[in-house]
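2 protein chains.
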Amino acid sequence: MQITSKFTAAVHILTCIEIFGGEMRVTSDFLSGSTGVNAVIVRNVLGQLREAGIVETRQGSGGANLAKALDEITLYDIYKAVDCTDDTGLFRFHENPNAKCPVGRNIHKVMDSRLEAAQAALENDLKRTTLAKIVADTKKIIEDE
Amino acid sequence: MQITSKFTAAVHILTCIEIFGGEMRVTSDFLSGSTGVNAVIVRNVLGQLREAGIVETRQGSGGANLAKALDEITLYDIYKAVDCTDDTGLFRFHENPNAKCPVGRNIHKVMDSRLEAAQAALENDLKRTTLAKIVADTKKIIEDE
DNA sequence: AAAGTTGTAACAATGTCTGTTTCAACTTTC
DNA sequence: GAAAGTTGAAACAGACATTGTTACAACTTT
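Respectively, the protein sequence lines represent chains A and B.
In terms of our numbering, the first sequence is residues 2 to 146.
In terms of our numbering, the second sequence is residues 2 to 146.
If a hint is listed, it holds; no wrong ones were tucked in.
A pair holds if it fits inside one copy or across any two, identical chains being indistinguishable in the list.
Computed list of lysine-lysine pairs in BS3-like fashion (alpha-carbon distance at most 27 angstroms, straight line):
#: 1; residue 1: Lys101; residue 2: Lys141
#: 2; residue 1: Lys140; residue 2: Lys128
#: 3; residue 1: Lys110; residue 2: Lys140
#: 4; residue 1: Lys101; residue 2: Lys134
#: 5; residue 1: Lys81; residue 2: Lys69
#: 6; residue 1: Lys128; residue 2: Lys81
#: 7; residue 1: Lys110; residue 2: Lys69
#: 8; residue 1: Lys110; residue 2: Lys134
#: 9; residue 1: Lys141; residue 2: Lys110
#: 10; residue 1: Lys141; residue 2: Lys69
#: 11; residue 1: Lys110; residue 2: Lys81
#: 12; residue 1: Lys140; residue 2: Lys101
#: 13; residue 1: Lys134; residue 2: Lys81
#: 14; residue 1: Lys141; residue 2: Lys128
#: 15; residue 1: Lys69; residue 2: Lys140
Honestly, the hints are just simulated from the structure, not real lab data.
Model, not experiment: these values are computed from the prediction.
Build the full structure now, drawing on both the sequences and the hints.
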């Protein structure tokens, strides 16, 4: 299985908001054009980012802007904002291990902490990168084009 | 999204093969009983583990056994054996970023290496745990019950 | 030859992701 | 105050992946 493309779309969206936000109103329609993602999905993602306190949106007049400093938003924050698997974690467990089997009734005790550690390793790596770096890298590439 | 439960089922299956393999013939039916996973799925998982060189199975007579030493099988090996996302990676990218937009045509350059690093962090953590540890922990818990 | 097992294909049921349509609520502008 | 453009949100459809199920050929042992 794969992690939903809403995550990369969200990073793309936030980068656009920062880069184009100064000179124009960044609407869901504009973001849909840049990302290639349906405008309703864009609004959906913006809604999740708003709930996470990462962006602000304006109903009626339209447009979105960042609600935090660039270096206070990590890829992890974005990942968590659009992630739908909060409760159950990254790994899915087979659901009915047999309690009558010594292995079946203990497999969770043995595996759970290790799965959590692996998930934490992924998440900690995502925490290393801020949106400030993403935007800086993007601007640099654009300048060098 | 979540990682398929075939991974935890595979760990469960391999643990059973090691723990019960000495005293009995470990068939897909037995493994289905312990894991609660359908016997055909068990055979499917065993087939993937066999292709990865982790187990041997016997057609006709039935039963499975490990093909490698316990400490030469890591959770990563098992993960990769049953993983179906080899080609595209753990993260899914939104598919049609707009090449006419400066951000759209460069988002891959900025993000790809970071997504690969995060995936590597997860996988490296899984490499830290061998099946030997899983089996040892399981046996210890069973003894203490 | 009989019984039990694996390997595999085909299909169904379920769930998730993404897109689409639709419309009420809101803000700005005229 | 009306018009135009936008957001927020619900409802539904299509595509795809996962898991379970059925069925059966091939194989091994007794």
